[in-house]
Amino acid sequence: MSMLKIENLHVRAGDKQVLTGLSLEVAAGEVHAIMGPNGSGKSTLVQVLAGREGYEVTAGSVSYNGRDLLALPPEERAREGVFLAFQYPVEIPGVNNVYLLKAGLNAVRKHRGLAEFDAFEFLTLVREKMKLMHMDDSFLNRGVNEGFSGGEKKRNEILQMAVLEPSLALLDETDSGLDIDALRVVANGVNSLRRPDRAIVMVTHYQRLLDYIQPDRVHVLSGGRILKSGDKSLALELEKRGYDWVRQEAAVA
Amino acid sequence: MSVATLQESRSAGERYRAAFDERWRGNDAPNDALIDLRRAALERFAAAGFPTQRQEDWKYTNLRRLEARTFAPATPAAVSANDPRWIANAGTRIVLVNGHCMPGLSTIEPQLPGMTLLTLKQWLERDPAAVAAFIAQTSRAQPSALEDFNLAFFEDGVVLDLAASATPDQPIYIVHQWSDGAAQVMSNPRVVVRAAANSRCIVIEHFIGATAGESFTNAVCEIDVAAGASVEHYRIQQESTRGFHIGHVNVRVQQNGRYASHDIALGASLARVNLSTTLQGSGAHAALNGLLAPLGTQHLDAHTTIDHAAPHTTSDENYRGVAGERGRGVFNGKVIVRPGAQKTDARQSSRNLLLNPGAEIDTKPELEIYANDVKCSHGATTGQLDAAALFYLRSRGLDEAAARALLIRAFAESIVTSLGSPAVRSYLEQLLHERYKVIA
Amino acid sequence: MSSNPRDESLEALVGQKYRHGFVTDIEADTVPPGLNEDVIRLISHKKGEPQFMLDWRLKAYRHWLTMREPHWAHLRIAPLDYQAISYYSAPKAREDGPKSLDEVDPKLLETYDKLGIPLHERARLAGVAVDAVFDSVSVATTFKERLGKAGVIFCSFSEAVQKHPELVEKYLGTVVPYTDNYFATLNSAVFTDGSFVFVPKGVRCPMELSTYFRINAAKTGQFERTLIVAEEGAYVSYLEGCTAPMRDENQLHAAVVELVALDDATIKYSTVQNWYPGDKEGKGGIYNFVTKRGACRGKRSKISWTQVETGSAITWKYPSCILTGDNSIGEFYSVAVANNYQQADTGTKMIHIGRNTRSTIVSKGISAGHGQNSYRGLVKVLPSAINARNHTQCDSLLMGDLCGAHTFPYMEVRTPTASVEHEATTSKIGDDQLFYCLSRGISEEDAVNMIVNGFCKAVFKELPMEFAVEAQNLLAVSLEGSVG
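Chains as they are written, first to last, in the numbering used here: chain V, 34 to 286; chain Y, 36 to 475; chain X, 65 to 548.
In short, the hints are calculated from the structure, not lab data.
Treat the hints loosely; a few may be bogus.
Unchecked claim - Chain Y regions said to be covered by chain V (calculated; three or more residues, Cβ under 8 Å):
| no. | segment |
| --- | --- |
| 1 | 191-199 |
| 2 | 414-424 |
| 3 | 428-434 |
What the hints assert, rightly or not - Only part of the chain V face toward chain Y is listed, based on derived beta-carbon distances under 8 Å:
| no. | residue |
| --- | --- |
| 4 | 119 |
| 5 | 140 |
| 6 | 274 |
Stated by the list, open to error - Straight-line distance between alpha carbons at most 27 Å, and here's what the computed DSSO-like set of lysine-lysine pairs gives:
| no. | chain 1 | residue 1 | chain 2 | residue 2 |
| --- | --- | --- | --- | --- |
| 7 | X | 347 | X | 363 |
| 8 | X | 265 | X | 208 |
| 9 | V | 164 | V | 143 |
| 10 | Y | 369 | X | 413 |
| 11 | Y | 94 | X | 413 |
| 12 | V | 49 | X | 363 |
| 13 | V | 143 | Y | 472 |
| 14 | Y | 410 | X | 363 |
| 15 | X | 265 | X | 213 |
Even glycine gets a Cβ: it sits at the ideal position worked out from N, Cα and C.
Could you put the whole structure together from the sequences, leaning on the hints where they help?
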């Protein structure tokens, strides 16, 4: 059974119809890449899955482990194991990174019927995960994303993912704004989090990320719908030929 | 009831003239070398009356409720020798109850090196002429009616003198508190801080209200920061929500001196602080931080003036307001750059949060600039919590109420993170944590 | 002054004087100075007004007698003697007034030619209809026919009272009531003329409308009143310009402008104010005490004020928007100059009442010489104004060390979903900016002009094209010799 099943999803943002009948199925253990030109609706898709306000679902459904995902508030989705790594993580001055992580983790653990971590257990866990992301202790006591460089923000997102251990991770352009070294760190982080019971959906512009994180499936999103799906060779073809041929092919069909 | 109605029919000037005659007659009067100064101040107050909203400076704050009442000068009263509300380990403690210093509750002996700490009463007894001279010298050209009111009625306070280069190793912690039974009484304390050249100190003023009964605090604080000296001044106002609180802080900073203020308004039914800083010497710097956090039906008003009267002076002001329930916050910050005060650098920021319908924030950041080679800027915003931040926290599993509370606290606490006293900082963090636990 | 070569090169430019300071020698019908009910009756009688107008004027006058001159602004105002002012002065004309431009006194046509505002319909401003107000009366209105075909009424206020009394009665005083403030109330009692614009439902006014105000007679006050109504879906852009002769005494100009925008209507109101500012020592000049207010009554209506205030000894005006209609928009773009001994206390009020109302304020204040320039603005968000938005940007430029730049913003917010932002900066022309221009071969005065114009750009781009260039030139003249 699919972990995530999106059927005929129509989404409007303001006056604009962004998604126009998108369908997608993702099973546990799979890594999917969603590619597409600017404005095709990639970010909208993951924002809607995470529960951001400001979007109106006008038709279609999303089921997650058999439940209606769209009916849940954002924090419920997070506790159920949905995680969004933001393209532009917001800076929250005055809110401590470590505080946020601990509050989030304990909310998730409580939801799963697990005992909450005390400060010691928590720090032990976080330090271990931080090593994975090549982050030093100073990160913990800074405000959430406050004054972080683009690369630090992205690493922080993956750190949060590592700590919260989601079952469905949505990575929104996690590669954008990273130099090659930072990209490698982030990709290694993601790869180490691949598990048979975890699904990952990556949104990206470029094939570059897929050199590091090998996807099982690649989808082309354009004009609010998935026009073509294939294995990782599709990404290479897109890299060579651009998106226009996919659109033309879809128009003919 | 009928007595109250009778009283209200008389003007504030007449009512307080009667209180004045009552207080300073008989045995008290001959001891008071200041009686002429006091009498003149009373008459100026009587002529001016309480400020009204027709005065630009009082546009947003209505004192009718204060004016309608008549408060009697408060007398000393016994309180617990270890009040749990006192901030632990804050520093050398001086406790004023109902405006009167209580040596038994204080920890001022032995005196720290380089520092002379007296009660105002002691200073009056030892050298009344010096007190009169100091008051005459620090009086402003046009004292406000309520400062005059304090001068007419003040009884006690704290006088802190720092010798040149003195750096006491702990803050001076001044507690202004009401005794439990205090009702319909007023206190007009005065604090004087004179920091000689290159000295350095932290002064904490902590205003704690009574559990019941209406009270009126009208406090004056005069601070002189000599060349190269540094004074960090905290003002933590936690009067009872039935209390009235008016504060006047007048600061003069000389060459390369530094004054930092942390003005935290949490209590009182109606509070107003006038914080006026004059940078008189080149290189002088003022940093004003403030938090206004009205809840319930509180009305909390901060009026600051930074007067750049000399070239190469700098100021940095950062006030935040968080208004919840039916609370109202007022911030009026004026920056003046005098003719010739070139190379002034003044920055001011006022950021405000409205937590719910019914709350109100009024801000008025003002610049008055008479010199051209200056850098002055101010920014003011009023709005609600950042939706993106709220979503981010929820997407990490925090429920909405917890996420809101977290963001509200983070917003308010940003003012206290810069405090030099760890004891006060953790005290305030705890306080804000409690305050916004339920509001979200 | 200083030996800085920059100062000298700029001082050399001071030579250019106020260009509109001449006097037209024309026989005028002027009422003797003084103010009482008889003078008001006389004004109303001279204009042949219906009873409702006289009644309204008298109510205003009686109310005015109970008021006191306001002194809260950051201004020094020499006392005004309201009994020494003549409240009516009109160039002598035939009994029934000119029927067409051909019948207008050639001296008047010549005056407007000299001011660069030709009243011939084929002249330079061929795309702009002009109403010319000379002292107390409108002397000519161009393009009336063409506008009439589109359904637009554009005429002098006096004519509107005669021909469209029902519209005047319906809207007069509904935005600025006769009790509003000291100068608006005085205006309500004694106003003599002004412009009237009515754009009916669905009509986009086919050309720019403008009024040109000229004070000529000595010892008079000018009290004009303008009323613009845009019905549902209508659009109109209106511009006013003002000049006066150079005289040693101060003359009072107390105008009132009322704008009404219904659903989906847009009114764009631009002002290029160049009243005589007084001489270099601060002698003479116009007191420009004006009340301008627009009511965005309709949903999605929009009122946009743009002003370039270079003239007047004292300017006291706060063009405002009452944003009642849901989703309505208010804008205020201002350049104000205070050079020599000029004083300006100007800004705006944005009152947010409807949901999703938005306002933008951009104020650029330039102070030079001994000039004192204050921005004073109110943003008020009432509890009903859910999701209201305001952004205010308020910048001051100081040229010389004897002038002043002041900022007095008031923000009163009573809606948690509102967002109100105010930013203000104060600076002088940066040495590095100037040096950069000079090092690229640009002359000193051109560099200053460029920098000042760049400073004002956000406002100039809001002006109708025909006037943007004029405004830039005016600014250059107003500031000549003022950098220090």
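Verification of the supplied hints:
no.: 1; hint: 191-199; in the structure: violated (count 0)
no.: 2; hint: 414-424; in the structure: holds (count 4)
no.: 3; hint: 428-434; in the structure: holds (count 7)
no.: 4; hint: 119; in the structure: holds, 7 Å
no.: 5; hint: 140; in the structure: holds, 4 Å
no.: 6; hint: 274; in the structure: violated, 36 Å
no.: 7; hint: 347/X <-> 363/X; in the structure: violated, 47 Å
no.: 8; hint: 265/X <-> 208/X; in the structure: holds, 19 Å
no.: 9; hint: 164/V <-> 143/V; in the structure: holds, 26 Å
no.: 10; hint: 369/Y <-> 413/X; in the structure: holds, 20 Å
no.: 11; hint: 94/Y <-> 413/X; in the structure: holds, 16 Å
no.: 12; hint: 49/V <-> 363/X; in the structure: holds, 22 Å
no.: 13; hint: 143/V <-> 472/Y; in the structure: holds, 20 Å
no.: 14; hint: 410/Y <-> 363/X; in the structure: violated, 42 Å
no.: 15; hint: 265/X <-> 213/X; in the structure: holds, 14 Å
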